[in-house]
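Take these sequences, add in the hints, and give me the full structure.
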Amino acid sequence: ELYLKDDAALNAYLASSAVEGAALIPASDEPPITGEALEKLLLLFAGAKEAIARNAHRYDPALLTALIDLPPLDVVQLQAEGDVHPTLDALQAVLNRGTLGTARYQLRFDPATDSAAASLVSVRK
Numbered sequence: 001e002l003y004l005k006d007d008a009a010l011n012a013y014l015a016s017s018a019v020e021g022a023a024l025i026p027a028s029d030e031p032p033i034t035g036e037a038l039e040k041l042l043l044l045f046a047g048a049k050e051a052i053a054r055n056a057h058r059y060d061p062a063l064l065t066a067l068i069d070l071p072p073l074d075v076v077q078l079q080a081e082g083d084v085h086p087t088l089d090a091l092q093a094v095l096n097r098g099t100l101g102t103a104r105y106q107l108r109f110d111p112a113t114d115s116a117a118a119s120l121v122s123v124r125k
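Residue 80 in the working numbering is what sits at position 80 of the sequence shown, and the numbering runs on without skipping anything.
Be aware that a few hints might be false.
Unchecked claim - Result set (BS3-like, lysine-lysine): computed pairs, CA atoms no more than 27 Å apart in a straight line:
no.	residue 1	residue 2
1	K5	K40
2	K49	K5
3	K5	K125
Said to hold, decoys possible - Label-pair distances were calculated between CB atoms; the ranges are:
no.	residue 1	residue 2	range
4	S119	E30	34 to 40 Å
5	E1	K40	47 to 53 Å
6	A37	A117	31 to 37 Å
7	G21	G98	33 to 39 Å
8	H57	R108	18 to 24 Å
9	A90	A112	20 to 26 Å
10	D60	A37	27 to 33 Å
11	D114	L10	34 to 40 Å
12	K49	T99	19 to 25 Å
13	D114	P71	25 to 31 Å
14	L10	R104	35 to 41 Å
15	S28	P72	45 to 51 Å
16	Y3	A23	52 to 58 Å
17	G47	S119	31 to 37 Å
Source of the hints: derived by calculation from the structure; they are not laboratory data. For glycine and all other residues, C-beta sits at the position ideal for the given N, C-alpha and C.
What follows is the structure, given as structure tokens:
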């Protein structure tokens with residue numbers, strides 16, 4: 001008999017059970033991710049999903065979920081790009097993949113000024 005004290009313990013137990021004999025192949029020419037590395041990746045993903053759920057009242061969950069699959073946003077890079085932001089265009093494309101009747105997003109990067117920090121503005125229509 002096994003007692004688990006909370007959801008984190010349950011997730012850790014399920015992750016360790018799930019990765020036994022499993023492998024994740026990220027690309028055809030990449031080595032598979034197995035064992036402890038796969039378990040760690042699974043726990044990181046579960047942690048990210050939990051953080052999104054905890055912050056859903058404050059931040060758009062669709063936007064946060066889309067950020068999981070893309071490279072991290074870098075303020076220095078966004079400021080260096082000027083008015084054209086391929087990174088934000090990619091994020092916006094992921095967000096706008098939905099079908100008819102789903103929300104549409106417009107993203108804008110506002111660089112830092114003397115009076116305000118840099119910000120990512122998301123408008124959902």
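Each hint tested on the structure:
A threshold of 27 Å between alpha carbons decides the hint, and for K5 with K40 the separation of about 20 Å falls inside it, so the pair holds. At most 27 Å may separate the alpha-carbon atoms for a hinted pair to count; K49 and K5 meet this at roughly 20 Å. Under the criterion of a C-alpha separation no larger than 27 Å, the hint pairing K5 with K125 is inconsistent with the structure, at around 42 Å. In this structure the supplied range 34 to 40 Å holds for S119 paired with E30, their Cβ-Cβ distance being about 35 Å.
About 27 Å separates the C-beta atoms of E1 and K40, a value inconsistent with the hinted range of 47 to 53 Å. Remark: the range hint 31 to 37 Å for A37 to A117 is upheld by a beta-carbon distance near 35 Å. Range check, G21 to G98: about 36 Å between beta-carbon atoms, so the 33 to 39 Å window is met. For H57 and R108, the Cβ-Cβ distance of about 23 Å falls inside the hinted range of 18 to 24 Å, so the restraint holds.
For the pair A90 and A112, the supplied restraint of 20 to 26 Å holds, since their beta-carbon distance comes to about 22 Å. In this structure the supplied range 27 to 33 Å holds for D60 paired with A37, their Cβ-Cβ distance being about 31 Å. The hint said 34 to 40 Å for the Cβ distance between D114 and L10, and at roughly 48 Å that hint is violated. Between K49 and T99 the beta carbons are some 23 Å apart, a value that agrees with the proposed interval 19 to 25 Å.
The beta-carbon spacing between D114 and P71, approximately 29 Å, falls within the hinted interval of 25 to 31 Å. Between L10 and R104 the beta carbon distance is about 37 Å. The supplied range of 35 to 41 Å therefore holds. One distance hint, 45 to 51 Å for the beta-carbon pair S28 and P72, is violated here, with the actual separation near 25 Å. Distance hint for Y3 and A23: a CB-CB separation of about 30 Å, inconsistent with the stated range 52 to 58 Å.
Against the hinted window of 31 to 37 Å, the Cβ-Cβ separation of G47 and S119 comes to about 25 Å, which falls outside the hint.
Hint check: violations occur at hints 3, 5, 11, 15, 16 and 17; the rest are consistent with the structure.
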